[in-house]
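The listed protein sequences derive, respectively, from chains A and B. Counted from 1, the first sequence has number 18 at position 18 by the working numbering; the numbering is strictly sequential. Counted from 1, the second sequence has number 42 at position 42 by the working numbering; the numbering is strictly sequential.
What the hints contain is simulated information worked out from the structure, not anything from laboratory work. One or more of the hints may lead you astray.
As the list claims (entries may be wrong) - Taking beta-carbon pairs under 10 angstroms as the criterion, some of the chain A residues facing chain B (in silico):
| id | residue |
| --- | --- |
| 1 | Arg-69 |
| 2 | Glu-74 |
| 3 | Gly-107 |
Stated by the list, open to error - Quick list of in silico lysine to aspartate or glutamate cross-link-like pairs, EDC-like style, CA-CA up to 20 angstroms:
| id | chain 1 | residue 1 | chain 2 | residue 2 |
| --- | --- | --- | --- | --- |
| 4 | B | Lys-90 | A | Glu-73 |
| 5 | B | Lys-319 | B | Asp-12 |
| 6 | B | Lys-90 | A | Asp-66 |
| 7 | B | Lys-90 | A | Glu-74 |
| 8 | B | Lys-90 | B | Glu-56 |
Claimed, not checked - Label-pair ranges, simulated between beta-carbon atoms:
| id | chain 1 | residue 1 | chain 2 | residue 2 | range |
| --- | --- | --- | --- | --- | --- |
| 9 | B | Gly-292 | A | Gly-138 | 35 to 45 angstroms |
| 10 | B | Lys-90 | A | Pro-226 | 48 to 58 angstroms |
| 11 | A | Gln-131 | B | Ser-149 | 25 to 35 angstroms |
| 12 | B | Leu-328 | A | Ser-179 | 42 to 52 angstroms |
| 13 | A | Leu-121 | B | Phe-324 | 17 to 27 angstroms |
| 14 | B | Thr-219 | A | Pro-168 | 36 to 46 angstroms |
No residue lacks a Cβ here, since even glycine has one placed at the ideal position from N, Cα and C.
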Amino acid sequence: MSALLEVGDLSVNYGRVEAVRAVSLAVQSGEIATVIGANGAGKTSLLAAIMGLLPSRGRVVFDGQDLARVPAEERVAMGISLVPEQRDLFGTMSVADNLALGAFRRGRAEIPARLERVYALFPRLEERHRQEAGTLSGGERQMLAMGRALMARPRLLMLDEPSLGLAPLIVRDILQTVSELRDEGVSILLVEQNARAALRIADHGYVMELGAATMRGPAGELAADPRVAEIYLGAAHGMA
Amino acid sequence: MDVTIALFLIQDGIINGAIYALLAVALVLVFAVTRVILIPQGEFVTFAGLSLAAMETGSVPGAVWLLLVLAAAAAAMDAGAALRERSPAKAVRLAAWNLVPAIAIAAAVLAMVPLQLGLGVNIVLCAALIVPMGPYLYRVAFQPLADASVLVLLIASVGAHLALTALGLVLFGAEGYRTSPVVSGSFQIGPLFVTGQSLLVVGATLALLAGLALFFGRTLIGKALMASAINRRGARLVGIPTMLSGRIAFAMAAAIGVVSAVLVAPLTTLYYDSGFIIGLKGFVAAIIGGLGAYPAAVAAALAVGLLEAFSSFWASAFKEVIVFASILPVLLWRSLTSTHGDEED
Chain A
1 MSALLEVGDL
11 SVNYGRVEAV
21 RAVSLAVQSG
31 EIATVIGANG
41 AGKTSLLAAI
51 MGLLPSRGRV
61 VFDGQDLARV
71 PAEERVAMGI
81 SLVPEQRDLF
91 GTMSVADNLA
101 LGAFRRGRAE
111 IPARLERVYA
121 LFPRLEERHR
131 QEAGTLSGGE
141 RQMLAMGRAL
151 MARPRLLMLD
161 EPSLGLAPLI
171 VRDILQTVSE
181 LRDEGVSILL
191 VEQNARAALR
201 IADHGYVMEL
211 GAATMRGPAG
221 ELAADPRVAE
231 IYLGAAHGMA
Chain B
1 MDVTIALFLI
11 QDGIINGAIY
21 ALLAVALVLV
31 FAVTRVILIP
41 QGEFVTFAGL
51 SLAAMETGSV
61 PGAVWLLLVL
71 AAAAAAMDAG
81 AALRERSPAK
91 AVRLAAWNLV
101 PAIAIAAAVL
111 AMVPLQLGLG
121 VNIVLCAALI
131 VPMGPYLYRV
141 AFQPLADASV
151 LVLLIASVGA
161 HLALTALGLV
171 LFGAEGYRTS
181 PVVSGSFQIG
191 PLFVTGQSLL
201 VVGATLALLA
211 GLALFFGRTL
221 IGKALMASAI
231 NRRGARLVGI
241 PTMLSGRIAF
251 AMAAAIGVVS
261 AVLVAPLTTL
271 YYDSGFIIGL
281 KGFVAAIIGG
291 LGAYPAAVAA
301 ALAVGLLEAF
311 SSFWASAFKE
321 VIVFASILPV
331 LLWRSLTSTH
341 GDEED
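In isolation and in its complexed conformation, chain B is listed as follows (with noise of 0.2 angstroms):
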């Protein structure tokens, strides 16, 4: 191997951790406020990149309909809980509540999408489209679950991404798609070819993530959401709803999952059921840093992006052997070293 190939090897690695670190965030941050490994934050990518790809050729992307199907049963599940209550108004306006946005979207996006409207505008209209699903999957699979346990929360997070990888396949074909990149051209630095999107991979990753350390540090939502995180009955005591925190949550993952898929759409060729291994790899790094802290997680997804880009050099058969077998020396050595790994409450 020559330094033209390592430093090759090394910027590919990087583009991916980044992707990974974003994946890793997500699913540090729906952990630690919901209790939920979440699973489905690969298909958020995978539906956003394949929505994308319909969008640039005119087409209306199928996912409108998901978004339809999950804003009507969150209603129903909603309104279904305010009738038991005895109170149709508030029925009413809960159902109300979740389907005029789903129906405002799916009308936008119906609207504007044959008119091409270019790249940016399709951008805004995927982030309407996915990023909703995140709070409505809340409330459908999860918010009924809430006090239930870590394990019980896993089965129906694993439940839900084997419904929604059918679904991607009922939505979007079993073709796969690329998009045509957002930033294009490319250029030398001395023996190294950098694209435009690899630069915008790596500059919207630190964006990003600076962006979630101010949300946390500065802002009372963004400190609601961490005191859920840290003591839950705590946090209902100072009067944040546990549901509010979750559907936050899940927001947010849905949205860093269109960030990926914006930036990994125009690298890698996405299939409906590409989301299971990039969350995988997203989820092996959250492990490494230990499920609880973002910057060791962001660290362990380089880490794991450049221990991919490597080991496809030398053994690229065992690529993704390598890659999740990484996960075991870590978790023997956790285990060894931790005192207690149970929640505080």
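Chain A extracted, bound-state conformation (with noise of 0.2 angstroms):
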């Protein structure tokens, strides 16, 4: 099994700050892979610039293509989709808008088919569709970033902070619609502080700190090392 995206030595600078320092990881063909780390690791920066939304130093291999001189648009056609934090939803219109404009690089003809599919992901999605996508509910916005992102069919799936600022049920819903799309065959680079969650749908995490990636391995061999347990489970636990 070879890996879908490969990334080697990825620096950011944001002036003299380096918020990613010589970041080396791989997500295989149909694995969730989890970045997780404290506020301000560099794990928002480290997606940004493996989808082409910053500039940084280092490899990024997707499918054995170099992407040093694509494009974030053109990422998004090769098969890269990231969902952001910020979630960055076109607010004043319609969910069905948003998610239409998910398949802008698809065309036309493909839009019916997977809209179908999302709103069976995400049948909240089908309720609302005429609803703006500006007066959404917190939960609601998360599944629209989410649809969007898939409405591009995406062979890998970049997710930051599914969980943030969202009620634990709705994470749990999201969470497990992150593993279903695993099981679909779409690759995850998952990015949260939430490590327990995250570390409990991956295959494989890595831990970030101080932009630096200091540990890594499979995901439960992590959440079982007590290096891992002592500074982020027990951090995420206690903030829950």
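With the hints as a guide, bring the two chains together.
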């Protein structure tokens, strides 16, 4: 099994501040890889750089192809989708229009079939398909952001803090959906502060601290690792 | 003032207002998608109007050369960017993609204009000449600044306007021109004397506004443009290239400029520098409308047209002063009532 996404020595700078320092990671085809770490560890910058939204140094290889000169818009067409932490929805447009635009690179003909699939995953979105995206609740906004990303039929779905600010029950539903997507063959790179929940559904995990990847391994081993447990699981549990 | 004069002023105001509405809509469209306040919108109108006037006499408009120069500059910039990525094949493809249409259009204009094939053909040729200038202008002047602040973009916009006005003097000369009306003839409704051209102005403006509403409401590309305006990063995340949205918005603005020119050129004499004043009135309307909403901009444009018509009757020396001063109370009111004027991103 070859890696779908390979990131080698990726670094991101904001002026003099190094937000991501020489991070290497891989996402295998059909697995969930998760990057856990505290707020400010550089996880969001890492995803933005992989997506091509931030300038970076290092290597990003997707399906054997070097992405150095590929702009973010083309990465979408190649099959990478990012659900950002801020959701970045089109607030004054309807839910249905937001979803239709998700399939922009796939073309009009694919919209009905994709729409049916997304509505099956998130029936709430179908109920609200005429509503403006800006008027949705937090959980619905996350569903819409994920649904919009799925409309592009991605092979790699990157999720930035999907549980942020959501009630525990909704978090459980959303992570459940993430597992279902993996079972359908979508590879997933999940960034989470909620380490316990992320490691529960992931196959592989990475721990990021101050911009660097400090630990890696199968998700089960990481969850059992006393250092991880002490620093993150304890903290995450305390916060929950 | 009697009823006849009032009706006449209202008619005049509505005709002018319709033209300002077109300009205001173009400004709102370009600003929403690219954050550029398009001062050169008026130049699209004058270049199109003067080109039409030149074609009417069977002479090739100077705009042909401007189109070729803009295309060459855009081709050089695209090819340069591709060469920096060390992909010569892409450089050649991008250069051809920019140059071939411009050369084809220029050839068509050079071949067909001397034949004097009539107003319909001239309008098509004029559109073919002016509309591509929008995307080329975006590529040359604004795309390299796509991430800059609104103020920097405004300065670039003023620069583009000054450059284009100067080029207008070189290409078209200092003399003013008027074209023959698209619809000739006139008739009387009660005391009112209505020309066919003025009915065309109102009708064409309404049709164009309806067309734009359909474009944004029904087509995926129209929704994509709107999405780029609402959330630029969200638009990139669904794969809408910022560059493409910018080029389409500028092409639409130039097209609206051509329509405005066809409508206005028979009614007023256009000079190489008339664009600024026309554009500025569209700008006043766009600002009064809030620079974000099309219906508000159209309503404001009608108000500006009527204000202009009535002030030219009562205080004709202060006509422009009154129109431009009307922006002040609106700005004051807006700055007092708005909670935040910043962009979302």
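Each hint, compared with the structure:
1. Look at A:Arg-69: its Cβ gets to within about 5 angstroms of chain B, closer than 10 angstroms, so that hint holds up.
2. Interface hint at A:Glu-74: satisfied, since its Cβ lies 8 angstroms from the closest Cβ of chain B, which is below the 10 angstroms cut-off.
3. At about 8 angstroms, the closest approach between the beta carbon of A:Gly-107 and any beta carbon in chain B falls short of 10 angstroms, and the interface hint on this residue holds.
4. Our distance criterion of 20 angstroms between C-alpha atoms is met by B:Lys-90 and A:Glu-73, whose separation comes to about 17 angstroms.
5. At most 20 angstroms may separate the alpha-carbon atoms for a hinted pair to count; B:Lys-319 and B:Asp-12 meet this at roughly 14 angstroms.
6. Of the supplied pair hints, the one linking B:Lys-90 and A:Asp-66 holds, its CA atoms being roughly 17 angstroms apart against a limit of 20 angstroms.
7. Between B:Lys-90 and A:Glu-74, the direct Cα distance comes to roughly 15 angstroms. Compliance with the 20 angstroms bound is thereby established for this hinted pair.
8. With a CA separation close to 40 angstroms, the supplied pair B:Lys-90 and B:Glu-56 exceeds the 20 angstroms bound.
9. Between B:Gly-292 and A:Gly-138 the beta carbons are some 26 angstroms apart, a value that contradicts the proposed interval 35 to 45 angstroms.
10. Between B:Lys-90 and A:Pro-226 the CB atoms are about 53 angstroms apart, so this pair conforms to the stated range of 48 to 58 angstroms.
11. Range check, A:Gln-131 to B:Ser-149: about 34 angstroms between beta-carbon atoms, so the 25 to 35 angstroms window is met.
12. Between B:Leu-328 and A:Ser-179 the beta carbon distance is about 60 angstroms. The supplied range of 42 to 52 angstroms is therefore violated.
13. For the hinted restraint 17 to 27 angstroms between A:Leu-121 and B:Phe-324, the CB-CB distance of approximately 55 angstroms leaves it violated.
14. Between B:Thr-219 and A:Pro-168 the beta carbons are some 42 angstroms apart, a value that agrees with the proposed interval 36 to 46 angstroms.
Comparing the model with each numbered hint stated earlier shows that hints 8, 9, 12, 13 do not hold.
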